[in-house]
Amino acid sequence: MTRGIVTIAGYVPYRRLQRSEVAKVFGAGGGKGSRSVASHDEDTTTMGTEAARLALRTVPRDQVDALWFATATPAYLDKTNATTIHAALRCPASVPAFDFGGALRSGSGALAAALAGTGTNLVVMADQRDGLPTSTDESAGGDAAAAVVIGDGSADAPVIAELMGTASITDEFLDRWRTAGDRRSKTWEERFGETRYVPLGAAAWSAGLEAAGIEADSVDAVMVTGMHGRAAKAVTKALGVRSEAVADDLSSAVGQTGSAHVGLALASLLEQAKPGQIIAVVSLADGADVFILRTTEALEAWTPANSVADQVAAAADLPYGKFLSWRGMVTTEPPRRPEPQRVSSSAAWRNEEWKFAFVGSQDRSTGAVHLPPSRVSMDGGAVDDMTPVDRADSVGTIVTYTIDRMAYSPSPPIVFAVLDFEGGGRFPVELTDVDPDTVDIGQQVVMTFRRLFTADGIHDYFWKAKPVRGNAHTTAQD
Amino acid sequence: MASHGIKDRVAIVGMGCTRFAEHWDKSLDDLIVEASQDTFASAGVTKDDVDAYWFGTAQSGMSGVTLARPLQLEGKPVTRVENYCTTGSEALRAAAYAVASGAYDVAMAVGAEKVKDSGYQGLNAFPIPNDGTQRTLTAAAMFSMVAPAYAKKYGVSDDEMTEVLARISWKNHQNGARNPRAQFRKEVSTETICASPRVAGRLGVFDCAGVADGAAAAIVVRAEDAHKYTDTPVYIKALSFAAGSGSGLIDPGYDYTWFPECATAAEDAYKQAGITDPMAQLAMAEVHDCFTPTELVLMEDLGFAERGTAWREVLAGTFDRTGALPINPDGGLKSFGHPVGASGLRMFFEAWLQLRKEATPERQIDTDRTLALTHNLGGYPGEMVSFVSVVGTEWG
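Chain order of the listed sequences is G and U.
The opening residue of the first sequence carries number 0 in numbering that gives the first Met the number 0; numbering runs sequentially from there.
The opening residue of the second sequence carries number 0 in numbering that gives the first Met the number 0; numbering runs sequentially from there.
Quick caveat, the hints were computed from the structure, so don't treat them as lab data.
Errors might be hidden in some of the hints.
What the hints assert, rightly or not - List time: in silico BS3-like cross-link candidates among lysine-lysine, alpha-carbon distance up to 27 Å:
1. 25(U) - 115(U)
2. 321(G) - 31(G)
3. 185(U) - 25(U)
4. 25(U) - 465(G)
5. 75(U) - 25(U)
6. 151(U) - 465(G)
One chain only, chain U, in its complex shape (with noise of 0.2 Å):
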C-alpha cells in the first residue's frame, strides 16, 4: 500500500476560466461553453481531439450529460465528479489518472457551477431524505468554532485574533482587486473588515468567500507530448486527497485548531513531488481560505508556519503577495468567489498563469521558483474532504 503519485508523468497543456461573478445573466451552459471554449483554444485542440471528459459540479446538474449536452459531445465518456468543495479539483484529478493510466492520450476537466439561480444568499446542501438529527448550521458556523480554538490554545488575544482575521481578509481582497477574472475587485479596509455584521460567532461577512456562478477548465496530455500543444506546459508534480471519517465530530482527541484530513493530505503531496521545504520551494500557493480561520489553520496544516505561530506570520506579511510565499495571489475564494464545482479548477488556472508568467503586470509574482500549490478542501472541521496538488514548470 502506498500513496505512489504520477509525478511528471502528465503536464496540462491548456486551460481557461470564466470571471466568478453573480452571472444573472449567463446559464450553467454557457459557464461551460465559455470556459471549455477558453481551454480548447489555450491548448489549440478541438473538443473531438479530447478523448474523455470529467465534469465536476456539486449540485447545478447530474450525470456526465450536463457537460456533454451543452458541448454537443458525441459519443465521448464523460463522467460527473462531486466530492463537496474539492470537486473541481477531483475532475482534474480523474482527468489526469487516466492519461497516466495510458487509456487515453487527451483528457479534460471542467468544473462549473451556477450558484445565483437558488435565491438564496451562500451555499445550500443539496436535501437528502434523512432521519431529521442532522446538523442544520451553515458551513460559516462551523468554521467559526476554528477562532476561539485556537485563540485559546495558542494564547492569542481577542484583539490579536480580530486583527489577524481581518488581514487575511485585507490581503485576499487586495489580490482580488488587480484579477480582472475576480467576482470582488475593490480594496477593503481593515476597518471595514471588522465593522462588516456578524453571520456567524465572530465572523462578519468579510471573513467569508464571495458565493459566485463561474467555470474552469483545464486539458490534460502526456508530460512527453506536452510540447505537441504548448511551449510552456506545467507539468502535475503531486495529485493527493484524503476523506475524513467523520471522526472528529464525535471523537473527544480533535480540538477545532487544525484540519488533519489537509495535513494528512499535504504530507502525501509533498512526498509524491520531493518537496521538503515547502517556505523555500514553493513560488505560490492556493488554499482554500472559505472563510478566514480556516486560511489561517491551513497555514499550519500545509507546513507554512509552526504550530501556533502561524497568526504572526499572518501579522508579519509573510503570505501576502510580496511575502515569502504569496498565498492566493488570485485573490482566493474571499475575493475571487467560489463556485463550488470550479473552484478546485480555479486554483490551478491561478498556478498556471503565474508560473508561465501569465498574469497581468501589476499582479505578477516575482519570482524564480518554478513549484506552485493548490489546496481545495470540502466539508467542516471534524468532517473534511481535503486535496493537495503540486504543479511545476520544469520536467524531471
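Excised from the complex, chain G in its bound form (with noise of 0.2 Å):
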C-alpha cells in the first residue's frame, strides 16, 4: 500500500478584513482583496481543533495513531497544545499528542515526518498572521487551520491522495524572524529573501520531480506558499508548468497563514481534484519543501465536511477597528464589570470531557440528557446509571436568546441562546461568528470550540455555537 492522504480538511474563521479599509484609517497600507481574520475567541488551538473536527467527518477517529499540532504562533509556551486539540477530539489517552511549534516551516515538516513516517498520523496546522497597521504582513497574512490524515489507508478510510515524491531544501538565512512574545514579525530586505527563495524553490521543485518520477508538465494542480509573496510568485512561473496547472492561493480571500497554508493549499487542491490527477504544493520557509501526490479513485467517494471553498465564500466583513482590537493592536474600552478570575486547573482536568469534548450523560432508562453530565438524574432520582453522551457534533435550535450589553466579554455584547440539540439535551450557551441582528428563534446551530477569556495566561477552552451556514454542516452519528 501506499502512504498518502486518508482526509484532509481546511478550516477558515468567519471574518474577514477587507484591505482597503486599512488605508481609509491610515491614508496608507492595505491593498486589494481580503484576509481571513481569526475571531476574538479563536486561536491556533480552537482553529486547529476545527480543521481536525471537520476533518475526522470523514474517517474513524478510532483509526488515528497520534496527533501532531505545527504552528508559529502557539497559544502557549511550554505547555503542549497538542493535548488540547487531543481532549476536544476525544482521542484515546494512549494516542500521543505533540506539538511542532514555532516556526513557519513547522507546518511543512511536520507533513514531511508524517509521510515520511508510519502509522496513522492526524497532522494539524494553524497560523495567526499578525503584523502592525498598515504593515504588508496586516494585509497579506491570514489565519486558518488545516488537519490531514495520513496513512497507508485501510478498507473504510482509503488513501485518497498517494504520495508520489517529495523533496525538502534548506538552508539558514535570515529573511523573517520574530522572538518570542512580539506580536509583529520583522523581515530583512525583500530583495535578499528573493533571490534566496527562487534558486531553492527551483532545486527543491526539481528534485520532487525527479522523486516522483514525473516531467512537470504531467502537474495537473500546483499552489506555491510562504510569506514572502514576490519569492512566490517567481518560484510559481519558474516551475515550467501548464498555465493551467497554477492553482489560485487563496491569498487574494484567505491571505497566506504561515505554517498552516501548505495543508490549506492541500486540502483547497483535493476538494477540486479528479481521480488520477497530479497535484503538489511548493512550500518557501528556511528552505523549500515539495509535495506531489496522485490522486487514487477513492477521490471520487470522498465529500469534504465542509470545503475550504465554502468557508472562502461564507464569510462576513469585519471593521478595521473591531480587527485592531480583537489583535490587541489598539485598547477599547471594556464593560465595566469584573474580569473573569482564571480557570481551575485541577477543576478543569476533573470535568475534561465536559469542558474540552462538550460530553454530557445521559440516564440508561429515561433518556435524559444533561449537559453538564449529573450523577443523579433530573428525570426519576436514577443514580450513577448514566452513559457519556456527545452532543459536540448535534445540531441545535435556538428556544429563545439574548443579548448581554452589560456582561464582561473581550468583545462585548455577548449573544446568548438556548439551545435544544437534536438527539436530546438542552443547554444555554455563548453564541459566535453571528450578527446579533440575525439572530432568531428556530434558529439552527452547531457548536464550536473557542477560547472564551484569558486570565493569569490560563486561556479557557470551551464551546459556543454557531450558525449553521449553508448545506455544509451535517450532523455525526453519536
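The two chains are supplied separately, each in an independent frame; assemble them into the complex guided by the hints.
Here's what the structure looks like:
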C-alpha cells in the first residue's frame, strides 16, 4: 500500500478584513482583496481543533495513531497545545499528541515527517498572522487551520491521494524573524529573500519531480505558498507547469496563513481534483519543501465535510477597528464588570470530557440528557446510571435568546441562546460568529470550540454555538 | 413528609429598615447598627434581650462575626445565612423556626448588603474556583429571555409587551416616589422608561432593579408573648421555600414563561396560611421584581392572574397601589433598591408598615384586609430559589 492522504480539511474563520479598509484609516497600507480573521475567541488551538473535527467527520477517529500540531503562533509555550486538541477530539490517552512549534516551516515539517513515517497520523496546522497596522504582514497575512490524516489507508478509510515524491532543501538565511513574545515579525530587505527563495524553490521542485518520476507538464494543479509573496510568484513562474495547472493560492481572499498554508493548499487542491490527477505544493520557508501526490479512485467517494471554497464564500466583513481591537493593536473600553478569574486547573482536569469535548451524560432508563453530566438524573432520580453522550457534533435549535450588553466579554455584546439539541439535551450557551440582528428563535446552530477568555495566562477553552451556514454542516453519528 | 408551617406560632414584634441608597458614606457596620438599633427600639428590647441572631448577607461578609462585631454581641449564637437574593428572607425564616421550636424566646434576623463598594454597576457574584464552563451572563440577560418567550406563547405583540413592562416599571417608580426610604424617589414617565438604554435583550435600565446598599431587621417572639412587646404584632401565617434543582436550564420541557420554584413555594404558603383566594384575601404583596418581566410572570406564579392574562391585568391597573391588589407598594426592588441580603426583610418591613397602618398617609393602602404576602427569589430562570411568606395582624 502506498502512503498518502486519507482525508483532509481546511478551516477558515468566518470574518474577513477588506484590505482597502486599512488605507481609509491610516492613509496607507492595505491593498486589494481580503484576509481571514480569527474571531476574538479563536486561537491556533481552537482553529486547529475545528479543522481536525471537520477532517474526522470523513474517517473513523479510532484509526488515528498520533496527533501532531504545528503552528508558528502557539497559544501556550511549555505546555503542549496538541493535548487540548486531543481532548476536544476525545482521542484515547494512548494516542500521543505533540507540538511542532514556533517556525513557519513547522507545518510542512510535520507533514513531511508524517509522510515519511508509519501509522496513521493526524497532522493539524494552524496559524494567526499579525503585523503592525499598515504593514504588508497585516494585509497579506491570514488566519486558518488545516488537518490532514496521513497513513497507509484502510478498507473504510482509503488513501485519496498517494504520495509520489517529496523533496526538501534547507538553507540558513535571515529573511523573516520574530522573537518570543513579539506580536510582529520583522523582515530583511525583500530582494534578498527573493534571491534566496527562487533558486531554493527551483532546486526543490526539480528534486521533487525526480523523486516522483514525472515531468512538470504532467502536474495537474500546483500551489506555491510562503510568506514571501514575491518569491512565491517568481517560483511559480519558474515551475514549467501548464498555465492552467497553477491554482489560486487563496492569498487574495484569505491571505497567506503561515504554518497552516501548506495544509490549506492541499485541502483546496484535493477538493477540486478528480481521481488520477497529480497535485503538488511547494512551500517556501527557510528553504523549500515539495509535496507531489496523485489522487486515487477513492477520491470519487470522498466529500469534504465543509470545503475550503464554501468557507471562503461564507464570510462576513469585520470593521478595521474591531480587527485592531481583536488583535490587541488597540485597547477599547471594556465593560464595567469584573474581569473573569483564572480557570481552576484541577477543576478543568476533572471535567475534561465536558469542558473540552462537550460530553454530557444520558440517563440509561429515561433517556434524559444532562449537559453538563450529572450523577443523579433530573428525571426519576436514578444515581450513577448514565452513559456519556457527545453533543459536540449535534445540531442545536435556538429556543430563546438574548443580547447581554453589560456582561464582561473580550468583544461585547454577548449573544446568548438556549439550545435544544438533535438527539436530546438542552444547554444555554454563548453564540459566536454571529451578527446579533440575525439571531432568531428556531434558527439552527452547530457547536464550535473556542477560547472564552484568558486570565493569569490561562486560556479558558470551552464550546460556543454558531449559525449553520450553507448546506455544509451535517450531524455526525454519536 | 409534609410542610406543616408554623401558622400563628411566631410574631414579629419589631422591625427596622435603613433607607436603601448608594450609601457612599456608610459602611456595612453602619448599616447594620442603624437597622438593628431601630429594630431594638421598635420592639422595646436591648441586644442582650435577644437570645439568638441570624444574619443574612450574600457577599458582604462571612460568618456570624460580621454581625456580632459591629453590635458587640457577647457569646450569643449568631449565624450567617446565604441563599442568593432570598438571603434576607432566609434569616427571618431561621429566626422564626428557632422561636417556634422552643429553643429561644426572642430571635432576631438582620439582613445587610454593602453593594456599592465594588466599583462596578450591578451585582457581581463572588467568584468560586471553577472549570471555566459556567455562564458569565448578567442576571438581566438571563431574565430578559422571559419576555420574548412569554410574548410568543400568549400572543402578546412587541408593542403590547413594551407597554406592559413599562407599566410595571412606571408603577413601581410611582410607589417609590412616595416612599422616603426608597432609593429612587422620582416618578418616571413611560416614555422615559421605553427610551432608556438597553442592558440586555429588550430590557433597558428602567427594567432593572436599583442597586443599593441597605439593611433591615426583625425581632420575632412566640405569638403568645407578642403583646408584651407591641399592641400591633404581625403574625407569621406561612413561611415557604423551594430550591429548584437547576434542571430548568437543561430540561427541554422548560419554556421560560414561568418560575416553577415560585409556583411551588406559593402553593405551599397558601396551604400553610389557609388562603384559598389570594386576590380576595390579601391586602398587598411584595414580590421580587428584579426585572420587569419577572414581576409580570410572578403575578401568574403567585396566583394573582390566570396563566397568560397577567399582562392584561398589569395594563388594567389591577396591581397599582390603588388597584385590586397593590403589588410592591413600597416601590419594589425597582425603585426601593436591592441590597441583596436586606431585600427579603425590606419586604417584611413594608408588610409591617402597611398592615399596621404606619405607612405615610400619601402611600398608606386603604384596605380592611389583614394579610400580606412577601415573595423573594434568587438565581435565574431555570435555576432558582424561591421564598413566599404570608403575615397578618389577626391571631388565629
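Each hint tested on the structure:
no. : hint            : in the structure
1   : 25(U) - 115(U)  : holds, 10 Å
2   : 321(G) - 31(G)  : holds, 19 Å
3   : 185(U) - 25(U)  : holds, 23 Å
4   : 25(U) - 465(G)  : violated, 47 Å
5   : 75(U) - 25(U)   : holds, 25 Å
6   : 151(U) - 465(G) : holds, 24 Å
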